[in-house]
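Trainee: Sequence:
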Amino acid sequence: MAGRGKLGVIAGGGALPLRIVEGCTRRGEGVCVIRLAGCADAALTAFPGEDCGLGEAGRIIEALRREGCERVVLAGLVRRPNFKSLRLDWRGAALLPRVVAAAARGDGALLDLLVAELAAEGFRVVGAQEALDELAAPAGVMGAYAPSADDLADMRKAAALIAALGPFDAGQGAVVAGGLVLAVEAAEGTDAMLARCASAPVPQGAARSARGVLVKRPKPGQDRRIDMPTVGIETVRRAHAAGLAGIAVEADGALVIDAAETIAEADRLGLFLYGFDPEETHAP
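The opening residue of the sequence shown carries number 1 in UniProt numbering; numbering runs sequentially from there.
Source of the hints: derived by calculation from the structure; they are not laboratory data. This one's a predicted model, so the numbers in the text were calculated from it and none came from an experiment. Hints are supplied without guarantee of correctness; some may be wrong.
Listed below are the simulated EDC-like cross-link pairs for lysine to aspartate or glutamate, each with C-alpha atoms no more than 16 Å apart in a straight line [said to hold, decoys possible]:
hint: 1; residue 1: Lys6; residue 2: Glu67
hint: 2; residue 1: Lys157; residue 2: Glu280
hint: 3; residue 1: Lys6; residue 2: Glu50
hint: 4; residue 1: Lys219; residue 2: Glu261
hint: 5; residue 1: Lys157; residue 2: Glu50
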């Protein structure tokens, strides 16, 4: 869209940054990709931008300014660095004490600090779903399969659990089967959580017919410009390997990467994909 100004993409790992850049390029929007060393997909080198280290805050800001970026999106996975060995430029060194202090309070505080610093430099930080609206999870049934009444009950319990754990900076995912909590996402991420579910024995008291539901939603009060819960083809495959009935995400509160392909894979494997309204998570 003309008139929106060039988009700066601070790119971590995974498919999300590349999808944003490809989508903006298709629409004729200019981009400047800050490829974070050791994180960003090599395919991003095909687009205008610069390779920067995590500690090179000054270089990142200089590149965004030089390219005339008005908006900036933070996208992709970034592993927390070893602060003792992190290579810093002068601005990174000046920020380091605050970064370390924020990191001690959790990933949420660290991301909030990064957003505040970019805003202080005059950039408008936007969410991935604003940069590319097709990423936002739609409401309702997305594919050929719909959740059952039992699945919806499991969904409500998992959604309530994520909300309750929000103040503890826990993850954005949980799995519930037959009313029993099978897993809660922690620092290891969704893929590792689903791997735990796949290898775990059936909990005592759980009906063997209960397959379970993966729920992904934002934490209460989360800044939706950063670290939005995300699902994609690999999530579907891992949920299937874990024996789950399907995946439920908060509509407009999660991202679906490669939506058409993800829905097709869910249909092929017999899983439902469902976007729920937050009001649906209350007990009927």
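Trainee: Would you mind marking each hint as holding or not holding in the structure?
Mentor: Evaluated hints:
no., hint, in the structure
1, Lys6 with Glu67, "holds, 8 Å"
2, Lys157 with Glu280, "holds, 11 Å"
3, Lys6 with Glu50, "holds, 15 Å"
4, Lys219 with Glu261, "violated, 27 Å"
5, Lys157 with Glu50, "violated, 44 Å"
The structure does not agree with the numbered hints 4 and 5 stated previously, though it agrees with the rest.
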